[in-house]
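Peer 1: Spelled out from the first residue to the last, the chains are:
Protein chains: 2
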Amino acid sequence: MTKGLKLSIDAMGGDHAPDAILKGVDLFAHENPDARFILHGDQAVLDHLLAGLPDATNASEIRHTTDIVPMDAKPSQAMRKRGTSMWNAIASVKDGEAAACVSAGNTGALMAVAHLQLRTMEGLHRPAITASWPTPKGHCVVLDIGANVDSDPDQLVDFAIMGEAFAKALFGLERPRIGLLNVGSEEVKGHDDIREAMRLLRLYGATLGMDVHGFVEGNDISMGTTDVVVTDGFTGNIALKTAEGAARLVAAFLKEALTSSPLAMAGAFLASSGLRQLKARMDPSNSNGGVFLGLNGLVIKSHGGTDARGFANAIAVGARLASSSYMQEVADNLLRLRDVRTQAQATAAATGGAGEATPESDVASMGQAAQ
Amino acid sequence: MTKGLKLSIDAMGGDHAPDAILKGVDLFAHENPDARFILHGDQAVLDHLLAGLPDATNASEIRHTTDIVPMDAKPSQAMRKRGTSMWNAIASVKDGEAAACVSAGNTGALMAVAHLQLRTMEGLHRPAITASWPTPKGHCVVLDIGANVDSDPDQLVDFAIMGEAFAKALFGLERPRIGLLNVGSEEVKGHDDIREAMRLLRLYGATLGMDVHGFVEGNDISMGTTDVVVTDGFTGNIALKTAEGAARLVAAFLKEALTSSPLAMAGAFLASSGLRQLKARMDPSNSNGGVFLGLNGLVIKSHGGTDARGFANAIAVGARLASSSYMQEVADNLLRLRDVRTQAQATAAATGGAGEATPESDVASMGQAAQ
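These protein sequence lines map, in sequence, to chains A and B.
Residue 371 in UniProt numbering is what sits at position 371 of the first sequence, and the numbering runs on without skipping anything.
Residue 191 in UniProt numbering is what sits at position 191 of the second sequence, and the numbering runs on without skipping anything.
Derived from the structure by calculation, the hints contain no laboratory data.
Incorrect hints may have been included.
A pair counts as met if it fits within one copy or between any two copies, since identical chains are not told apart.
Said to hold, decoys possible - In the EDC-like style, the derived pairs of lysine to aspartate or glutamate whose C-alpha atoms are separated by at most 16 Å in a straight line are:
no.	residue 1	residue 2
1	6	95
2	255	307
3	168	211
4	189	150
5	23	72
6	255	196
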């Protein structure tokens, strides 16, 4: 999978950078000896850390820069500052040197810098950030989780196209089922925009041979009712953060329960292997790597607080996408859709209906919703 | 608390009605001998079930009707059908016979029938449905979770007023902290509507002496960052269903983990008392009773699939609200706000800003988001 694959790493981005970042690279390099890396960051600091990481050392070249984007940087600040480790990491993708960029830096800043350099794909209204959510059977792809603060029906269709290709590439699904997040599963539910989005999704989905399941509700995400759940960035961001909070609460309650008495503690000790299993399944670093979809280049956003294992997993997401036909498939689908869309929008405009594309809003506002 | 308190019960609403309903009444009556009940439903059926429930029998009078609202009924159907157990249960509140109505029937139907008979409170734009969400410290009040499919800034302010009074009445808080759900906690985050809502919330909150914490994110709900979380019905419904799904998933993973090996099972057995504790804390029936806020009368919606204990808890919510100054406090705050609002809206209109109230949309669409 990783033969001849070169990845661009923002070595200075993340709460535990560059230490956790380089250790993550070392983990991935150890398991994928063919992979190569361009590490963007402070030469002296990186050289010092690499001394103890032979696999990373052998697989990497360093591109020196002392400029970094602080974790609390505003997107607008990051966009004005060229030559940072984040900026250069994305430039390596733009220049075709690397197949994907992985960064644990500030999400809003990364999205803004990535969008500024790579631009939105031809025929796409807006990019989106996607998350992989654990389900009993595997994972559910949810997008947008925060690249935009609102999305019109046409943008939601774009998200469905990207989410489908993403699920195929990352999970090897032949025909992912697509769901549109709503307050009920019946077609009559929700506000006008969401019902119009479903109408377009069925119309365009038929052209693309997409498996459009229909509306899904919030609980369907964790149930894995569909492989892809499409929603606007506002709802998606709030829903997933609320769910993460609830999952953490249950874990906290469980810990309390298992330390509530000596007997319970003994039980917890006996069950510890099983409980470790549980911890591993809920560990965000095992489904790490939010991906910016819809740009002319692959950019993987790792959790800011990621550890080495989490960052290695984020690299793996980038490697799998880069060695898949993801980019091509999205481009093809958007092309195949162009005429159908122009037609539908003309009809809609004639009948005074919806369907018009909205202009791109200020790039600096992008990714503001993401955590 | 329940001295001289009379509650109106829709005995035929719910997946396990009337059995679970009457057993719930019996449980509550046993713990609150002063409480009285009007049971709406089929006399013969209810008499037969009451035979085994002495506490419920002594505290109840039956109002006979054979008409019911099916669990899959559309709001519009329920509204056209007078004389159902649901209709009559709400009528008892309208006529001043009962202090609150409790029903486990179809949410959309109940909301529509309740709104048709009780109407929205003077000075309020739209009613809302509220949920109590468990936190490490207790509960967080979240509204709207589905009475509306979208809400403008003025409606969100209404929700804050009702949520504050609800938290005071139900949890005895002196000055609940109010949060507005958004994609980030900084004031610049989110779309125009949500920022305008925060502006109004701070403006009006100052007049009402409200403790406005500011924006909160999804994970803040389970963390209990604020006592009240205000959001629109679309986002609130999806966020809470997503969180419920995630909590159920963790529980399922835990069960798997604790049955993964004989050792784990032995441990689970030893820890069973602690695990029962956990189950109890996560059991929805322990925080049962979504309340319809903003009508001229108290209507408590119990989970449709509730058991006897869950319904008794829903009755308890109604009893606590009915014996509190909740209704008066909301009415007073709306009155105190009227002049400030008129002024602000005039200014806004003059400067071409937001702040206008939207007309009530078709009542039949109400509650459609709620589960």
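Peer 1: If the cut is 16 Å between Cα atoms, do residue 255 and residue 196 qualify within a copy, between copies, both or neither?
Peer 2: neither (45 Å within a copy, 41 Å between copies)
Peer 1: How would you label the pair residue 189, residue 150 (within, between, both, or neither) given a Cα cut-off of 16 Å?
Peer 2: between (19 Å within a copy, 12 Å between copies)
Peer 1: Give the relationship of residue 6 and residue 95 under a CA distance limit of 16 Å: within one copy only, between copies only, both, or neither.
Peer 2: within (12 Å within a copy, 75 Å between copies)
Peer 1: Indicate which option fits the pair residue 23, residue 72 if close means a Cα-Cα distance not exceeding 16 Å: within, between, both or neither.
Peer 2: For residue 23 and residue 72, the Cα distance exceeds 16 Å both inside one copy (23 Å) and across copies (56 Å).
Peer 1: For the identical chains here, do residue 255 and residue 307 meet the 16 Å Cα criterion within one copy, between copies, both, or neither?
Peer 2: neither (22 Å within a copy, 28 Å between copies)
Peer 1: Since the copies are identical, ignore which copy is meant and state whether residue 168 and residue 211 lie within 16 Å (CA to CA) inside a copy, between copies, both or neither.
Peer 2: Within one copy only: 12 Å inside a chain, 48 Å across chains, cut-off 16 Å.
Violated hints, in rising order: 2, 5 and 6; the structure is consistent with all others.
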